[in-house]
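Participant: So the chains spell out like this:
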Amino acid sequence: MGRKLLTEHINVEGIETIEVYRQHGGYRAVEKALKTMTPDEVVDEVKKSGLRGRGGAGFPMGMKWSFLAKPEGVPRYLVCNADESEPGTFKDRYLMSKLPHLLIEGMIAGSYALGARTSYIYIRGELLYVLRILEKAIAEAYAAGFLGENILGSGYSLDLYVHPGAGAYICGEETALLESLEGKRGNPRNKPPFPAVQGLYARPTVVNNVESLAAVVPILNLGGDEYAKIGVGKSTGTKLFSACGHLNKPGIYEIELGLPVEEFIYSDEYCGGIWKGRALKAVVAGGSSVPILPKDLILKTAAGENRLMSYESLGDGGFVTGTMLGSGGFIAMDETTCIVKNTWNFSRFYHHESCGQCSPCREGTGWLEKVLHRLEHGHGSLHDIDLIVSVAKQIEGNTICPLGEAAAWPVAAAVRHFRDEFEWHVTHPQEATRPGAVYRGNLVLA
Amino acid sequence: MAPTTAPTKPQFSPAAQAEIQRIIARYPAERSKSALLPLLHIAQAEFGGWVSPEVQDLVAETLNIRPIEVYEVATFYTMYNLKPVGKHVLEICRTGPCMLRGSDELTAHLERITGAKVGETSPDGHFTLKEVECLAACGFAPVVQVREQYYESLDTPEAVDAMLNELRGQLHRPILPWEETGLPNSLKNN
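Keeping their order, the protein sequence lines are chains W and S.
Here the first sequence is numbered in our numbering, starting from 3 and rising by one per residue.
Here the second sequence is numbered in our numbering, starting from 282 and rising by one per residue.
Rather than coming from a laboratory, the hints here were simulated on the basis of the structure.
These figures come from a predicted structure and were not determined experimentally.
Warning: the hint list may mix true and false statements.
[What the hints assert, rightly or not] Among the chain W residues that face chain S by a calculated CB cut under 10 Å, a handful are:
1. Lys93
2. Tyr163
3. His165
4. Lys186
5. His248
[Unchecked claim] Straight-line distance between alpha carbons at most 20 Å, and here's what the computed EDC-like set of lysine to aspartate or glutamate pairs gives:
6. Lys251(W) with Asp436(S)
7. Lys186(W) with Asp338(S)
8. Lys278(W) with Asp436(S)
9. Lys6(W) with Asp270(W)
10. Lys343(W) with Glu386(S)
11. Lys314(S) with Asp161(W)
12. Lys314(S) with Glu181(W)
13. Lys314(S) with Glu184(W)
14. Lys186(W) with Glu342(S)
15. Lys138(W) with Glu300(S)
16. Lys34(W) with Glu228(W)
17. Lys372(W) with Asp385(S)
18. Lys343(W) with Glu412(S)
19. Lys34(W) with Asp46(W)
20. Lys138(W) with Glu429(S)
21. Lys372(W) with Glu412(S)
22. Lys186(W) with Glu350(S)
23. Lys278(W) with Glu386(S)
24. Lys186(W) with Glu311(S)
25. Lys186(W) with Glu353(S)
[What the hints assert, rightly or not] Not the full set, but computed from the structure, chain W residues with beta-carbon under 8 Å of chain S:
26. Pro89
27. Gly90
28. Phe92
29. Glu128
30. Tyr131
31. Ala168
32. Ser182
33. Glu184
34. Gly188
35. Tyr203
36. Gly253
37. Ser290
38. Phe351
39. Glu355
C-beta: ideal position from N, C-alpha, C; glycine also.
Same shape as in the complex, but just chain W (with noise of 0.2 Å):
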């Protein structure tokens, strides 16, 4: 069982309300803070830390933070995102229902140490009951003296609100999420400027994701170079990983970064292997925008070593053998999934997402989702495999935000791993089309 430094009392009884928070160590993280360290200190701590954003990215969160532009006089903001849409990923909203006070506490941190004297939590407008459970925690923390004027007698004040969305994935996408702050379509920004330079009210803002924010927390508590230490190499720390899809215990895991991927799927401990007994047949392991893969290349490198959930083991092998740790939402898929019908869903969200502002993404994705549902329904040509990957690359790369990568990805990797079952639905249309039909070789179960 590894350390947990975010969820080690998260089944605290009442440890959303203020009081039991702080009688298991909350806003120990403020305290010191506010009262022992400057704002650089705490950005510092961060920096040694070694922390990547926990939203997908995988950036260095103190050198996000270090690059907030800081002109005299000109207000600069703190903005959660707690989007999370990503499919396959729901640890943002385990952690806010559970641990409200949790993202508070660092979010006061962060501000502190950004020189923020107002910050936003960005939630999507589906976790409304979430943000019942912020807004309530909030208020307690005004009333103790975390929020507000001069908190801790230490001249700081800051205000914390939370502000909904209304459903679209793109908010999650940093400058798509600020517009929308705005008030207005969650259109992405052609960059630069960057945020930290111009982002909420033109001003300069950072945007970080839930669980980064939260893992501040633990940060100034154990001192950067202690958090450090926990994890492997550049993957320092612990990861929240959002395990579904077809697994005998799906849920919400806490793990150090380096566990390897095989323990993580079959150990009691986690995920206690594939459901009714089945075989495993293909993991998306960081979010449906990473590529697949196959269970010989989820559980080995291509070199053979063991794959462990890091940032590095992950992405080994590139996009030919590997993949990405992501948002961490981890979709395992039994040995009766189909990758072509699964493709096309992923492809039909994206779609579905797109805003429209790039003809490559709006267009593209529309063509991905149409030609997978004619390969999915047994009308394709072998000549669509090779026209999906050729559409996908022409999305990739030619777009203001990342969707059009995220749309890309998936697609290119179905096809990269299990070109003979896209060809099996072109060869074979009837057997495919049959329901239950499942592809294994050339073998078809029904």
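Based on these hints, arrange chain S on the given structure of chain W.
Facilitator: Okay, now just chain S, sitting in the frame of chain W:
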């Protein structure tokens, strides 16, 4: 029951007006347009579960912005219903992880029981079926959201029946947009 239609010139209730003022105060004075998304949520809950053009105009007036600024937002975000809906809108997640655990079967089952196809309202006006993308509850799939409530692990007819019975019991209860709701069952003991 016919879906409620908004009156020609709708007005926010005093409770909603108070909530709106509280929300607008969160943003810099010259940036009150930021309150647009939250206000549309309040408007939708206040006026029968959808935002008619008249309701959108009211929101524009409240925030002192042009109506087009509201229309372009209301049509962009999937949570705003632009047509009348039944008493309960069942938002069924159809994305990959839910599909792997039976969301197609769940949708077909709900269509049979309610008599409504996806995108339609049942003849009795009780249920509107809507397919949505990932609701961030993939570990408890398949999932349906009804207003603020998540119904999870709907992989048996019994679980679906329990959800529908609970919703039928709420048919005549007024629902305020900012009422408190509980945690989904999966999170209560997780």
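Participant: Does each hint hold? Answer for all of them.
Facilitator: Checked hints:
no. : hint                     : verdict
1   : Lys93                    : holds, 9 Å
2   : Tyr163                   : holds, 4 Å
3   : His165                   : holds, 7 Å
4   : Lys186                   : holds, 7 Å
5   : His248                   : holds, 6 Å
6   : Lys251(W) with Asp436(S) : holds, 15 Å
7   : Lys186(W) with Asp338(S) : holds, 16 Å
8   : Lys278(W) with Asp436(S) : holds, 14 Å
9   : Lys6(W) with Asp270(W)   : holds, 17 Å
10  : Lys343(W) with Glu386(S) : holds, 15 Å
11  : Lys314(S) with Asp161(W) : holds, 19 Å
12  : Lys314(S) with Glu181(W) : holds, 11 Å
13  : Lys314(S) with Glu184(W) : holds, 6 Å
14  : Lys186(W) with Glu342(S) : holds, 16 Å
15  : Lys138(W) with Glu300(S) : holds, 15 Å
16  : Lys34(W) with Glu228(W)  : holds, 16 Å
17  : Lys372(W) with Asp385(S) : holds, 19 Å
18  : Lys343(W) with Glu412(S) : holds, 17 Å
19  : Lys34(W) with Asp46(W)   : holds, 14 Å
20  : Lys138(W) with Glu429(S) : holds, 16 Å
21  : Lys372(W) with Glu412(S) : holds, 18 Å
22  : Lys186(W) with Glu350(S) : holds, 8 Å
23  : Lys278(W) with Glu386(S) : holds, 18 Å
24  : Lys186(W) with Glu311(S) : holds, 15 Å
25  : Lys186(W) with Glu353(S) : holds, 8 Å
26  : Pro89                    : holds, 4 Å
27  : Gly90                    : holds, 5 Å
28  : Phe92                    : holds, 4 Å
29  : Glu128                   : holds, 6 Å
30  : Tyr131                   : holds, 4 Å
31  : Ala168                   : holds, 4 Å
32  : Ser182                   : holds, 7 Å
33  : Glu184                   : holds, 6 Å
34  : Gly188                   : holds, 7 Å
35  : Tyr203                   : holds, 6 Å
36  : Gly253                   : holds, 5 Å
37  : Ser290                   : holds, 6 Å
38  : Phe351                   : holds, 5 Å
39  : Glu355                   : holds, 6 Å
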